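So the sequence lines, in the order shown, correspond to chains A and B. Heads up, the numbering used here is the position in the first sequence plus 1431, with the first residue counted as 1. Heads up, the numbering used here is the position in the second sequence plus 26, with the first residue counted as 1.
Bear in mind the hints are in silico, worked out from the structure with no lab data behind them. Note that the structure is predicted; figures quoted are calculated from it, not measured. Misleading hints may appear alongside valid ones.
Below, in silico cross-link-like pairs of lysine to aspartate or glutamate (EDC-like), each with a Cα-Cα straight-line distance of 16 Å or less [said to hold, decoys possible]: (1) A:Lys-2086 x A:Asp-2125; (2) B:Lys-104 x A:Asp-2125; (3) B:Lys-84 x A:Asp-2279; (4) B:Lys-104 x A:Asp-1451; (5) A:Lys-1960 x A:Asp-2279; (6) B:Lys-104 x A:Asp-2279; (7) B:Lys-104 x A:Asp-1461; (8) B:Lys-104 x B:Asp-49.
Not the full set, but computed from the structure, chain B residues with beta-carbon under 10 Å of chain A [what the hints assert, rightly or not]: (9) Arg-46; (10) Gly-54; (11) Val-55; (12) Thr-56; (13) Arg-58; (14) Ile-71; (15) Gly-72; (16) Ala-73; (17) Ala-76; (18) Thr-77; (19) Leu-78; (20) Phe-89; (21) Tyr-91; (22) Ala-102; (23) Arg-103.
A few chain A positions that, by computed beta-carbon distances, are all more than 12 Å from chain B [said to hold, decoys possible]: (24) Arg-1493; (25) Arg-1524; (26) Pro-2006.
Where is the CB? At the ideal position from N, CA and C, for every residue including glycine.
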Amino acid sequence: MTPIPPRIPRALLARASEPDDGKWLLGDLDEEYASLAATDLRYARRWYWHQAFASLLPLVRRRFDRRPLSTPATRARPEMLNGFRTELRHAVRFALRTPAPTAAIVLTMALGIGATAAVSPVVWKLLLQPIPVRQPERVLAVYRVVEGTGTIIPSVSYLDLQDWRRRTRGLSALAPYTGGEGTLITREGPVAVNSVQIGEDFFKVLGSRFTLGRAFSADEFVDGAPSVAVISGAMWQREFGGDTTIIGRPIELASGRVTVVGVVAPGEFTLPLGSADLWVPLHVQTSGPNAWQGSRGTQWLEAVARVRPDVEPAAAMAELRAVDAGVQREFPRSSNVITVLGVEPLQDHIAGPVRTTLVFLAAAVVIVLLVVCTNIANLRLAQAQARQGEFAMRAVLGAGFGRLRRQILVESMVLTIAGAVVGVLLARPLLRGLLALYPGRLPRVDEIQLGPGLALWSLGVAVVAGIAFAIPQFVHVVRMDAGRLVKEGERGTSSRAQHLVRRGMVVVQLALSVVMLVSSGLLVRTFLKVSSVPAGFDPRGVLSFGLSAPDVRYPNLQATEQLYRDLGDRLKGLPGVRGVEATNALPLTSNPWRNGLPAPNADPGSPDIPVNMRLVTSGYLQLLRVPLVRGRWIAESDDEAAPGVVMLNEALAAKLFPGEDPIGRVIPMGGPNGKTVVGIVGNIHHGSLTAPTDNEVYAPFRQMGVRRSRVLAMRVDGDPARFTEDVRRVVRELDPQLPIRAMRSLDEIVSVAVAPQRFRAAFLGSLAVLALTLAAIGVYGVMSYAVSERTRELGIRVALGESPTRIRRHVALEGLQLAALGSTVGAAGVWVAARALRSFMFEIGTGDPWTLGAVAVVLTAVTVLASDGPARRAGRVDPLTAMRGR
Amino acid sequence: MPKGSHLAEFEVYVMLAVARLGDGDAYGVTIRQEIETRTGRPVAIGAVYATLGRLHDKGFVSFSYSDPDPVQGGRARKLVALSRAGRRALEHTVSSLARMTDGLVLRPLTGGKR
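This is chain A alone, in the form it adopts within the complex (with noise of 0.2 Å):
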């Protein structure tokens, strides 16, 4: 019995060799298979799938030698340059006959190409590029999570970390930092600079380089031992000019004289992220008024740990969490939140709150790729099939199949590699568009860069996408039967299949858009919900501004408070300035001090409430308009020496008293005498809009001790930038070495506070405008090429009687079908997508109603507009003209 060659390569060799060769090339090929197969049938087969395959480039390659019909059947290699110049000057010249086509192709490619290349770098450098350390994977961030919630404090306390370093033994370095406020005297006056207290090895874990200078030396650390600092490259360049004798030389800090002993390389990587100026060593006093610093229970350190070489990761993570129980179980925590140690490497440890964000950039990308790449697909095939005329009649002119092949590779690769080009040009203001878009700042922002890599590797996509986007032209010309086409008048027809792969493309395009309306439809209604959540406070005509009175020079309560009422004296007496009070941290801002207090009618040892400290003046929450809902403000009267008076939020009160009044009532805090409860106040969103409300105790400042760092609010007639000018002379004039932080209106403080949302709507709403422009390019291509290719057909039926407007009807509803379509298809999608955004939505369903609905009447809408001028046309067919077959 004959065994049956493998049936896939005997079908390929029969399409690719010439119609009468086919038989006798297959014949032979049997012959040898059978001989093959009656010895070993599986090398037989894997035999004829490797002829198979190589057959085919040669065959395929003497078709298209054999096309020509009256050209000699060499050419001279010599000529190929030649012919490619004239080829790309064809090209061009093609591409600017045909703006729209043209211009909509190199637009398109280079959207595509612009948005990854802005993305790109961004997910490259935080999710995937390992951070420039030595080792990377070595160095792990220590901090501590709320044991339930899984909320981070990215702190820990100084004991503790005494102790693990003591009882660990898979750590070669475990170090503290704690970012400051400091401020540089320079000669041009007070510059605000970010100093970092840092324990004994803390650059001996992230293995920094130096230019110049050293590390800190251990005796450097011995309480009483000289101020020291080490600068970072940058401050070094920005503040110094990169002078090289800056070694042993001492520089002004408010708060005090300190001597430069190293140099961190420019560009080395330093923690906290990108913000440090210079570090000085960590002096953790005991004793005295800070000596909360030495408390088990104040976790107020960042850690960063190195592992030892000889010691895995992992190994070395279980030990510490281990430590850490042991630890734990040692010495019990008084009060507050119970929280287990949190370990990880440092570079997931920074990614992680950035993660979902950036996946979900990436992909909405991605998505806005496959509808560019589809579009251009579709726009390409259209051209061939409008071409095919043009190709036909010079195929019987005698241009060869080579030759034609080249010039629509040609083709192709000018209008992709344009794209690419004004991509890549692209790239930069978008990538610049995002991060002025993005809330707050990315991680480790400073060290992305759009390199010529990115340019090179823009123009290999431009290249690939050339050649594939060149395919369907290919397939055409090698079908075409070029006589039968000249005969015709010049415009070939298209086969069923090819008019189904442009539908399919359109009604993916559609479907895609339509996973991107739905999602950034939630998005935006996310928006408006946050946007719209009552904050409690009325922050329109408040400027807000940071101050930090250095202890040298204000050692005291009253020095400090002298300080800030001659402040507040002052800006009162500026016309429009209504009022002057001070917090130590607004709402919605960063949330620096939390307590605990005891649960009423709780077990001993049940967790404590926690609650956030806000320090005030007299007048700050009549300032911010907070309502008063029971008892009194706090008043100008309590003061240091009259007894302790706190006001509560109202959440707090009802946690604290249930069904009581808390007027009057006392809480144990500040002393043995606690504090009296005086009035309750209406709740503010203080963390977030989106969070409930948290517990919030508010103390005035003079009764809680020295407080240099304030920030002031001012209430003022109209527009608060009008006022920064006026506020910074007068801050000179009390103080010249006291330098303003952050000073921004209240209402520029809520509109940060919801740009998370408005970035991630902002953002997948222009790409869902993006995909669903090219979609609607795609319907409006795909049905204008319908109707101009049912011509006749219309001109019959109207010359039969039926109205142009029921013609006209009859093709905007084939516009419809593909958008039912699309839709249907993309539910799949958009069913994924939604579930994906999950995270991101804020007080409505995936089903949302309202997106639903309205992104049904947006693609409707679009469908219907595009397929509209070809459907006018279809309308206007004159069955004269049509029928003459024009």
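Fit chain B to the given chain A structure using the hints.
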């Protein structure tokens, strides 16, 4: 040598294989095997057919069709023979090659990768 009578390497192999096999025995299978066994490099049947087609265009080979083999499952074959012009071109190429290599001792390559 006029343009169009130039022979590419693989064309030479195919024509030499046809010459070796002789009239009546040269067809796809035998030509393919002849080149594969003698040169030691894998040869695709498609390449043989494409080259034969090209040689035919140049008028260097002619085709004839055999009667089916008188065995069960026997089939007809497309036989190849060199034309007069083909013989001349092959002769020319081979003798040129011979003249070029006459007296030449090719030293073995050194330092190349194995």
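Hints and how they fare:
A threshold of 16 Å between alpha carbons decides the hint, and for Lys-2086 (chain A) with Asp-2125 (chain A) the separation of about 11 Å falls inside it, so the pair holds. With a C-alpha separation of about 91 Å, the suggested pair Lys-104 (chain B) and Asp-2125 (chain A) falls outside the 16 Å cut-off, and the hint is violated. Of the pairs offered as hints, the one joining Lys-84 (chain B) and Asp-2279 (chain A) is violated, with about 73 Å between alpha carbons and a cut-off of 16 Å exceeded. With a CA separation close to 11 Å, the supplied pair Lys-104 (chain B) and Asp-1451 (chain A) stays within the 16 Å bound.
Restraint check: the Cα-Cα separation between Lys-1960 (chain A) and Asp-2279 (chain A) comes to about 13 Å, which is no more than 16 Å; the hinted pair holds. For a cut-off of 16 Å, the pair hint linking Lys-104 (chain B) to Asp-2279 (chain A) is broken: about 71 Å separates their Cα positions. For the hint linking Lys-104 (chain B) to Asp-1461 (chain A), the alpha-carbon distance of about 14 Å falls within 16 Å, and the restraint holds. Taken as a hint, the Lys-104 (chain B) and Asp-49 (chain B) pair is honoured in the structure, with Cα atoms around 12 Å apart against an allowance of 16 Å.
Proximity of Arg-46 (chain B) to chain A is violated relative to the hint, the smallest CB-CB distance being about 18 Å (cut-off 10 Å). Of the supplied interface hints, the one on Gly-54 (chain B) holds, with its beta-carbon coming within about 3 Å of a beta-carbon of chain A, less than 10 Å. The beta carbon of Val-55 (chain B) is positioned within 10 Å of a beta carbon in chain A (closest approach about 5 Å), and the interface hint is therefore held. For the restraint placing Thr-56 (chain B) at the interface with chain A, the shortest Cβ-Cβ distance is roughly 9 Å, inside the 10 Å limit, so the hint holds.
The interface hint given for Arg-58 (chain B) holds, since its Cβ lies 8 Å from the closest Cβ of chain A, which is under the 10 Å cut-off. Given hint, Ile-71 (chain B) at the interface with chain A, holds; its Cβ is 5 Å from that chain's nearest Cβ, closer than 10 Å. Taken as an interface hint, Gly-72 (chain B) checks out: its beta carbon lies about 2 Å from the nearest beta carbon of chain A, inside 10 Å. Contact between Ala-73 (chain B) and chain A, as hinted, is supported at the beta carbon level, the nearest pair being about 4 Å apart and thus within 10 Å.
The criterion of a C-beta within 10 Å of any C-beta in chain A is met by Ala-76 (chain B), whose closest approach is roughly 4 Å, and the hint holds. A hinted interface residue such as Thr-77 (chain B) counts as satisfied when its beta carbon comes closer than 10 Å to some beta carbon of chain A; here the least separation is about 7 Å, so the hint holds. Using the Cβ-Cβ criterion of 10 Å, the hint placing Leu-78 (chain B) at the interface with chain A is satisfied: the shortest such distance is roughly 9 Å. The interface hint given for Phe-89 (chain B) holds, since its Cβ lies 9 Å from the closest Cβ of chain A, which is under the 10 Å cut-off.
Contact between Tyr-91 (chain B) and chain A, as hinted, is supported at the beta carbon level, the nearest pair being about 9 Å apart and thus within 10 Å. Checking Ala-102 (chain B) against chain A by beta carbon gives a least distance of about 8 Å; that is within 10 Å, so the hint holds. Checking Arg-103 (chain B) against chain A: minimum C-beta separation of about 7 Å stays under 10 Å; hint holds. A beta-carbon of chain B comes within 12 Å of the beta-carbon of Arg-1493 (chain A); the shortest separation is about 4 Å.
For Arg-1524 (chain A), the condition that its CB be more than 12 Å from all CB atoms of chain B holds, with the nearest at approximately 31 Å. For Pro-2006 (chain A), the requirement that its beta carbon stay farther than 12 Å from each beta carbon of chain B is met, with the minimum near 87 Å.
Of the numbered hints stated above, those contradicted by the structure are hints 2, 3, 6, 9 and 24, listed in ascending order.
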